[in-house]
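Which chain is which? The protein sequence lines are C, B, D, Z and X, in order. Under this note's numbering, the first residue of the first sequence is numbered 91, with each subsequent residue one higher. Under this note's numbering, the first residue of the second sequence is numbered 698, with each subsequent residue one higher. Under this note's numbering, the first residue of the third sequence is numbered 259, with each subsequent residue one higher. Under this note's numbering, the first residue of the fourth sequence is numbered 102, with each subsequent residue one higher. Under this note's numbering, the first residue of the fifth sequence is numbered 2, with each subsequent residue one higher.
Among the clues, some could well be false.
[As the list claims (entries may be wrong)] Some residues of chain C that are not near chain Z, with every Cβ distance over 12 angstroms (derived):
#1 A96
#2 V101
#3 L106
#4 D182
#5 H276
#6 K314
#7 G328
#8 L344
#9 I367
#10 Q370
[Said to hold, decoys possible] Estimated spans, in silico, between C-beta atoms of each pair:
#11 E59(X) to F270(D): 39 to 47 angstroms
#12 S313(D) to I246(C): 29 to 37 angstroms
#13 K166(Z) to I151(C): 28 to 36 angstroms
#14 F248(C) to L216(X): 46 to 54 angstroms
#15 D475(D) to T811(B): 16 to 24 angstroms
#16 A181(X) to F270(D): 29 to 37 angstroms
#17 A433(Z) to I151(C): 26 to 34 angstroms
#18 Y839(B) to G468(Z): 49 to 57 angstroms
Hints in this document: simulated from the structure, not taken from any laboratory. Being a predicted model, the structure only gives us computed values, none of them experimental. Cβ coordinates follow ideal geometry from the N, Cα and C atoms, glycine included.
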Amino acid sequence: MISDVAAQTVVNVLMLSSIYILVALGFALLLTVLGILNFAHAAIYMVGGYICYQLAVVVGINQWASLLISMIAVGLLGLFLERVFFRPFLKDMNRIVVVTLALIIILQATINVTVGSYIRRIPSFVPGVLRFSGVSVSGDRLATFVIGGVLLLAVILFIRKTKTGLQMLAISQDSDGAALQGIKTHRIFAVTTAIGCALAAVAGSLMGAILSLSPFMGDIMLVKAIEIVILAGIGSIGGVLIGGLILGALDATLPLFISGSATDLTGLCIIIILLLIRPQGLFGREV
Amino acid sequence: MVAGEHAPSGGRNWIKTVAYAGLIILLFLLPLFVDSVYYLHTFIITLIYTIAACSLRTILISGQLSIAHAAFMGLGAYVSSIFARELNWTPWLTIPLGGVSAMVVGVLAGYPLTRVRAIYFSMVSLFVGLAIVALMGVFQKYTGGDIGLIGIPPLPSITIPGLPTINFLSSKIPYYYFFLLLTVFCLMILHSLENSRIGMSWKAIAQSYLVASSVGINEAGFRVLALAVGCFFAGIAGAGYAHYNMVLTRSSFGFLSSVNLLIYVLVGGTGSFFGPIIGTTVLVIVPEIFRWLKTFAPFVFGGIMLLVVFFMPQGIAGLFEQVKTKFLHFQERKKPRDVS
Amino acid sequence: MFLETKELTKNFGGLAAVFQLEMSVREGEIVGLIGPNGAGKTTVFNLITGFLRPSGGRILFDGKDISGKKPHLIAKMGIGRTFQLAYLFPEFTVFENIVTSFNLYPKSSFWEALFKTPSYRRKELYILEQAKEILYLVGLEGVKNVLGRNLPHGYQKLLTMARALAIKPRILLLDEPIAGMSLEEINYAMSVIEKIRSQGVTILLVEHNMRIMTLCDRVIVINFGNKIAEGSMEEVRQNQEVMKAYFGREDAA
Amino acid sequence: MKPRGIFAIVVCLFGALALLTQPCLAGEPKTLKVGGLFCLTGFGSSAETYIAQGAKLSEEWINEKGGLTIKGEKYKVELVMEDMKGTADGAVAAATKLVYDHKVKIVIGTVVPFMVQAAGSVLEPAKVLRLVLYNCGMPSEYGPQTPYMFLTYDSTIEGMRAALDYLKEAYPKVKNVAYIIPDDGSVPYLDKLFREKATSMGYEVATVGKWAMTTQDFSPIITKVLASKPEAIAFANGWPQATGSMLKIIRDMGFKGPVFGCNYDDAYQIMEIAGKEASTDFFIHQIDLDSPDMTPMIKEIKKRAEAKYGKAYGMHIWGFNPLYELKQVIEAAQSTDSTVLKDTWGKMKTIDTVYGPGRMGGLKTYGINHTVCAPCPIVALMAGKVKWVKWVDVYSP
Amino acid sequence: MLLRVKDLSVYYGKAMALENVSLEVAQGAVVTIIGANGAGKSTILKVLSGLWPSTSGEVYFDNKKIEGMEPYEIVSLGLVHIPEGRRLFPYLNVLENLKLGASLRKDKEGIKQDLEGVFTHFPILRDRRKQKAGSLSGGEQMMLAIARGLMSKPRLLLMDEPTLGLAPVMVVELVSVIQAINKTGVSVLLVEQNVFLALQVAHRGYVLEVGKVILEGNIDQFRDSDLVKRAYLGE
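Using the sequences and the hints, build the whole thing.
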């Protein structure tokens, strides 16, 4: 009985963490390489979900194909955003804040006007539920877990093992120094934004299957993504794993002991204390 | 010493004073021209948010970009309403109390927050804001939770012998004057502080905390002071808002609201005291004008933000500065001269 | 001793930037602290002025232990400093830079500042006078309304000195005060330093440019965070170890 | 220079546009303006956009039928809608605009409780007749202090009673019920009401699952609720996103018993969110547009909605209802004055709703008899299909 | 001339950093720019490598006008800048740092060869190739920075204060390193405060003061110059 709850909770923690990690991954990537807090990440995530929905449900093509197309389309959107909205303001935090917040408003309004605000859901990518001795996991969550894990691994491998990835790391550590090595910084910024946005699109599509789609679905997820990245520490992609696990653990276990709004408060207090002890986050570089 | 006091333009100061006085008189006469209660309401909301945005800028000039300001506004609002509702205290007392309680929490949060600077400060402040809003959700017995708190008493009527009683429920005009006076009062204090030694120390810390502490400026102390002052006026604004609106929901003080306040300041321009005033005025009133666009209305709000960010690097207030520079043909303050 | 360090040590992640440094400054002296790039001179300054906490050892100022105190408290005790790169308040004019630096004497309370009371105005007037005096002392009155960031480099250096004077220091720590100046500017800056000293301010300075050493009563040479020589400029110049450390070769000069 | 020029041009264009397209306020003399308060953007817009569409349909319907006849004069209804933008501030601004700019004396709308309260702070003192669609049972929202507010249709409390009645009938073996509720401030009141009704029917309340409003994933709270081994689970309050997600998780975790929702939520939407697999043994207070058992009026609205918007939703019906009721009240009162209407409506014993004949009630439950209690439709989701169940008669005394 | 700078001026806002600076580097030469902190030496290099824009003036590299080019285009021409403070990527290991130096190159074989070459030049780097660059000692970091610069096959190497933070022994070694690099046909533009080093390796020199060239000539002339002696040798 108790052990059932405990086992289910462990599964909940893992599943929720993978959701969080998937959402925060692209956000962390942009923060690390471009050094910008892309508040619009959650809006891009929402757009990704809607594109996948439109393709899979309205147009009616294969679901995984629409996930892929959504990824590519949002990746291209990322290229556009980087060129027009991010690049001119990379070194000006105030203006980046305003631009990305403006993007949220505009993207939400665009979806609200074009698709409408009726709540939708993308059909399950992996229908069915996996059960073993009192613990159950839905196929979609398992898929998110796997895809989240694979993507995290892929992003880390991409960064560590490819030339482009190495250049991304170099820029994140010293962007002027990187330019002097002949690294085409703008190209790397563009690639990073495209990857970050594509990751958001994957997250949005999967979340559209697990939860639901609405133009405002990103509002809470944005806060979660910021929480994870700050916990992980600015400049750490691998840290997203730990940040996501911590937040997932808090959000999945606290409701068992503390009900309702107090859950939020407890979780936030724990995070604030963690941050005051280590302002740079768990894997951040320096303050 | 006051910034400007040692500026050589005594003549222009006179013009400035007249311009401000004229503007304030115009604002006082506004109800004579505007008969729509709805527009008055919009102006009142603008005034309230002007106080909040200006107080946010006070924190900002000390180098602290806070993303918790709406939460402090909410704190003042709830404290004031709870004391007025539960203990029947008069709002004249609870409004300052709201300010003080926001200030106290600001100081309590502020001391640990001085450990972190720049973007890390912003991030931790974000969590502090979220935690304050979560706190409101926990004490729903007093705050009403997400559904909201109603039955907040309005401002009590004022009776001055020999004059007709001012009843705040009768129309929005008394409220308009109350908030206009409150705004003028708060802005005067904030302006006075900014242009005093304290304000200079805040700006000094923002420019280089290392140099500031090398000349004996207590970095932590002044940063907390900025938070205290900023939060106090946010609390006042929030408390005033509560007794005007007479209903509160905590969702009005969440992350997005704090971000909205920040947008008012950034769009208006951080470089000038009038930035947040202009920003708030534009961003509250213009979307109201475009209300008829319904679902398309958010494009106006986002559009203004993009326009400002692309064409006005220093915000709308900075635009005036740009225009002025252009008209004065880059007249420099004074060219450097050889020392020896 | 006016200012002295005892076994002062500072480690950065296992590497000792300053190691068991013993040095002292007498009241009224001009002492030069020299050493090759990366020898730990700036670290010593940062330790004395509280910007870094020492890993070990003590710093005594006028007999009081000041190690590990907050920078603004150390400034309050009368230790002024400048920075290597001309750190200043870039958005303030020269005059505002100096006026802002008057924080300690006289001190105004919050309420005085808020209500601009007569006493506050009096104090501010006094500060204006004082600031003008400093401006005159360092010779920046011609550029007093220029923004800090628009100031030529040499002026910026002078300004940082002027700013440090605003706290009425008893000892002034100058970090490369004449670096990046033209010859005339150097001469001028040296005369300013001389003037400051003549007002009774003790001076400890770090400099690469040997010219300034003619000002110094005494020179302390450090390398790898440790003192390797001490004495007059002439004595130090003869010291082979110094030559080796400082100029990278034994037969230099 | 260039940016400034562009900016100036854009501002001029916007300004000109604003002036040109400002809605002309000088209408026909015989027009009754009715305000509509809905969230067209922001929180709540997912449902309220469609409710607003329903309200628009009812306006057209009334005008097509020749409008309202008051003392021999024909009036056309004009629905002026304002967007509440999903915030309390927006609700207050929209309400102020309606009352003082459009000068309306009757307002339909506001669904989300916190916006009901916020708009009420403007509307109630201005003596504006409010036709509210939903209420979650807090005395502060609706009661003796809100004499101008009318609850136009069954709400959480009525839905809960109907649902528990139906539970007894359809699943007689169930002994204990757990219920899940957002921790939004309404818990103490709804808890009391739920327990009263449940214990009076012989149920035991297994546990209460309170969830924070910022919850993204409901798995933890469902884990906790299921640990108390309930035989049935109720959603005392909620909205489709939450209800659908929770239903899905409940089924994923292997719970086989009945699950039901108490408030009026779109069953199709819930099924879309929960998925066909999970949509079984679930019932909720809602209509089934495809069922032949619908009232003629609902069928008519469905046709109109399909003609105008392509597809009909349960929310269209809900949004249509207030003006449908208002028409009767105005014709009974032969006046457009909000106080007269209020008094007339307060004295009416019955009123026709699109859901069938309604009775006025609520004095005992809410402290004011401004509640329209109409037949409460129950719809079930069975094996991935929406199944019409029946009309349940509920009455809040 | 490999590099020709004509009347280069740089202003930051209203502050002057460089004024009408002209200098030349011949093919195969080692040229030094001497000057104190803040004299504008680094600014010259930053403008040359495309990091900062110039206000006016012309820069020709191999008779090609290079200002306004992106840094990577300039690197691809063979003008490589080893910046002040080395600007290594501290959280990457030595090998990765070296590979990043060859960012623009596509010839895998050539890169491999050059890597070998660099390792024979600086054997210590071979031993440390899996170590994070941030954990190297000052001298090793300097070598890594030079090696990284060599990886992009430079024709002209711009070195900004390579002696910064180096132990004396290392400074001596640096002299031979620079000479060795020069022998392979790479020209060097060396910016230094350490006049002794500069005088030892350079063929030609410029003295920069407050953004202006106040002295130029062959290195022998420098040694005898009163100005240099007074200002920088402390005599």
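Between the beta carbons of E59(X) and F270(D), is the distance compatible with 39 to 47 angstroms? Holds: the Cβ-Cβ distance is about 44 angstroms, inside 39 to 47 angstroms.
Regarding the assertion that L344(C) does not contact chain Z, is the least Cβ-Cβ distance greater than 12 angstroms? Not fine: 8 angstroms to the nearest Cβ puts L344(C) too close to chain Z.
Is Q370(C) truly not at the interface, in the sense that its beta carbon sits beyond 12 angstroms from all beta carbons of chain Z? 26 angstroms, holds
Beyond 12 angstroms on every Cβ pair: is that true for G328(C) relative to chain Z? 23 angstroms, holds
Evaluate the condition: distance from the CB of L106(C) to the nearest CB of chain Z exceeds 12 angstroms. Contrary to the label, L106(C) does not stay out of reach of chain Z, its closest Cβ about 5 angstroms off (not over 12 angstroms).
Report holds if the minimum CB distance from A96(C) to chain Z is greater than 12 angstroms, and violated otherwise. 10 angstroms, violated
Falls inside 29 to 37 angstroms, the C-beta gap from S313(D) to I246(C)? 36 angstroms, holds
Does the Cβ-Cβ separation between A181(X) and F270(D) fall within 29 to 37 angstroms? 32 angstroms, holds
Does the Cβ distance between F248(C) and L216(X) fall inside 46 to 54 angstroms? 52 angstroms, holds
Quick one: are D475(D) and T811(B) within 16 to 24 angstroms, going by C-beta? 40 angstroms, violated
Assertion that V101(C) lies outside the chain Z interface [Cβ separation over 12 angstroms]: 8 angstroms, violated
Does the hinted range 28 to 36 angstroms hold for K166(Z) and I151(C) at CB? 45 angstroms, violated
Hints 1, 2, 3, 6, 8, 13, 15, 17 and 18 from the earlier list are contradicted by this structure; the remaining hints agree with it.
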